[in-house]
Amino acid sequence: MSTLVLSRLQFALTTVYHFFFVPLTLGLSILVAILETLYVRTGDEKYKRMTKFWGKLFLINFALGVATGIVQEFQFGMNWSEYSRFVGDVFGAPLAIEGLLAFFLESTFLGIWLFGWEKLPKALHAATIWLVALGSSLSAYWILVANSFMHQPVGYTLNEAAGRAEMTSFGALLGNPHVWYQFPHVLFAGITTAGFFVLGISAYHLIKKSPDSELFRRSFTIAMIFALIGSGTAGFIGHLQGQYVYKIQPMKIAASEAHWETEDPAKFVVVAGIDQQGGRNTWELTVPRALSFLLFNRWSGEVKGLSDIQAQMEQEYGAGYHMPPVAVTFWTFRIMVGAGALMILLALIALYLVWRRKLVRARWFLHLLPFAMILPYLATSSGWILTEMGRQPWIVYGVLRTEDGVSPVSGATVLISLLAFALVYAALMVANIYLMSKYARQVPAAETH
Amino acid sequence: MDLNTLWFILIAVLFTGYFFLEGFDYGVGILMPFLGKDDKGRRLALNAIGPHWDGNEVWVLVAGGATFAAFPHWYATLFSGFYLALLLMLMGLIVRAVALEYRSKDQNPRWRALWDWLIFAGSLLPAFLWGAAFANIVRGVPIDASMHYVGSFWNLLNPYALLGGLVTLSAFILHGALFLSLKTEGALADRARNTAVQLWPAVVLLAVAFLLATYPVTDLFAQRGGLPLVLAVLCAVALLVVGLFLRLRRRGWAFALMGVTIALLVSFLMSGLFPRVMVSSLDPANSLTIYTASSTPYTLKVITIVAAIMVPVVLAYQAWSYWIFRKRLRRDDLLEY
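Heads up: the sequence lines are chains L and P, in that order.
If you count by our numbering, then the first sequence holds residues 628 to 1076, one letter each, in order.
If you count by our numbering, then the second sequence holds residues 205 to 541, one letter each, in order.
Hints are computed from structural coordinates only; laboratory data are not their basis.
One should not assume that every hint holds.
Restricting the straight-line Cα-Cα distance to at most 20 Å, the calculated cross-link-like pairs of lysine to aspartate or glutamate (EDC-like) are [claimed, not checked]: (1) L:Lys1065 with P:Asp310; (2) L:Lys894 with P:Glu540; (3) L:Lys931 with L:Glu943; (4) L:Lys675 with P:Glu540; (5) L:Lys675 with L:Asp839; (6) L:Lys749 with L:Asp839; (7) L:Lys683 with P:Glu389; (8) L:Lys1065 with P:Asp206; (9) P:Lys244 with P:Asp537; (10) L:Lys985 with L:Glu888; (11) P:Lys531 with L:Asp839; (12) L:Lys746 with P:Asp310; (13) L:Lys746 with P:Glu389; (14) P:Lys241 with P:Glu540; (15) L:Lys1065 with L:Asp839; (16) L:Lys874 with L:Glu793; (17) L:Lys749 with P:Glu540; (18) L:Lys874 with L:Asp935; (19) P:Lys241 with P:Asp537; (20) L:Lys673 with L:Glu787; (21) L:Lys746 with P:Asp320; (22) L:Lys679 with P:Asp310; (23) L:Lys679 with P:Glu389; (24) L:Lys683 with P:Asp310; (25) P:Lys505 with L:Glu793; (26) L:Lys931 with L:Glu888.
Listing some non-contacts, in silico: residues in chain P with all C-beta distances to chain L over 12 Å [unchecked claim]: (27) Val408; (28) Leu452; (29) Arg453; (30) Ile513; (31) Val518.
Backbone N, C-alpha and C fix where the C-beta goes; we use that ideal spot for every residue, glycine too.
Okay, chain L solo, but in the shape it has when bound (with noise of 0.2 Å):
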């Protein structure tokens, strides 16, 4: 296999890895934040254990986020050199911006508030965790306004004498419309994991009628308002980013629902098969006028299709095959709002559950939530991959091709880290689905150290 193919290969698998831990981190530290909070405001012991519960779930986690960050920060260098190189005066701002500024706070604040529990009165121990989760959330931001300059340059000039992309608008590059849908909709995903990861374990909890089992159903109740807000407005702000993306990448729209031909008004596929080569879908379930609807709020509106816009792309761009692996990008769509759908839903009937205080006795709705906790990483792994994915041949979209920015390094050497990398990851993901689950399954201690 080529250069070119083992390292997209490898940072597929570094970045989804390293984004199994990203979310949870988002959300739990606002959850651990608001836990202690309220142990500070109602001086409730009940409140600090639970607390220390979540907490120490967050930091097994937190471990592996950190850990598979760094190479994140190397990578980039490592294989992909000449797009450092030609997007680096871009790029290599809202990176470094995102260590000093969200990094050092993150691990900092961590640190103080792990071995700070003897050593800080009451309120400020709290004000380290919510230090923590703003860390957390920053770097998101930062990240994020790195990742949308590669889905929507902004702020910048070509200098074509230098062979590079160069920033000519710090603030168009913080304000690029895509980073406003895109980090809402990261952050609330994390919310989202955060509630069903909280409403799972205690879910065990309440069903194996754990001691102390009050300390579950608050717990169950903060989680299961995480999850609703999360998944309701992650959904939400979706939608609102798959009408945006239209205009800005209508390629990877078509492709994501697998729409090959301009119409108005546009059918929806529901589900299809597709035919790449054909440029056709095999068969197909479709809903007539409804992806119409879905981009335009109404039952009418030409949507492109993937050969018209193929076409258009070769007019701007010369010859060249400019569509995105149309399969891939259509099921992990489906597979991302199927995933949403279905966590709403389970947030509604927790809700209902709560509210008319019949979840003691709903015994199969408990029992189905520790297996919705996939459901968050189903959504946000595939979300990534459809973002990521949709946006190929590009690696910043319209200026710079994925195969022009991959560093001038041997496929044997890229070979070997790959491999390395695959072998490091499993190994650490089994570690700490061990350790998750030891801690998980424990009965929260009542305060000792």
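Since chain L is already given, all that's left is putting chain P on it; use the hints.
For chain P alone, kept in the frame of chain L given last:
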């Protein structure tokens, strides 16, 4: 002073901060399996760096990010050229970060022993590799006219680079021993001090050999009107004074002087490198400089403003975190890790 020079200095400062802070963390990680005679002793060593190691590690991430932002070609050439060496370093950093958090979360002695050795290896690799990397940067590696590294992994394995790696490795172990002797009380602190005393002559020997080898292997001493030579001599002197304070049992001073030694080592290398950022062994004209490798003045201005605001804030809260945990740790203290 132009912004290119400022960012060269800032990156040198970030690496200095990283080597100073993570230097002792790595040293502690390497010494922990040996100095901690039992599980409690090993936990004591790890808890001494417990609140800080994660924040300390960010220094290298920011150094990397700053290199990317200010000198994209430096970042691109260095990281793609030193690919396999960096892969080793990454593996070390990844397993170490996880190991520190996971080792005490299970009682099983085999679980703990496994993670302890991963902490050891994950500390050893970067401690060695950074020295080797900097030695290679100043010695020169094959870089062609289009700023591409055209050598292989084996070009990086030369005696000077290996010596450089041993210098940082041994210096960080000494630094870690001094930190433990300062930060803990009781038998562990005593063992750490004894180790420092025994280790010190080896560090002196390696450092002096490295400084001497720098003369024939590189052109550093011919740069900047001899400033790198002065800094190299000062570095050696500071290291000798570390030995003096060790003998006088002034733990705090010995640790501080070791920090000065590390800062002078980086200053000596970076001042000799300036205004280049990577030396080409093929043709001096191919060397990357702070001007050929840099971002535009606009980008440099943006990150300068952000750094001017944020660096003091970061320094303040990191200093505060050391203040909170200033007390020496004892075996009967509550240990998180």
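Which constraints among the numbered hints does this structure fail? Numbers only, ascending. 2, 6, 7, 8, 10, 11, 12, 16, 20, 21, 23, 30, 31
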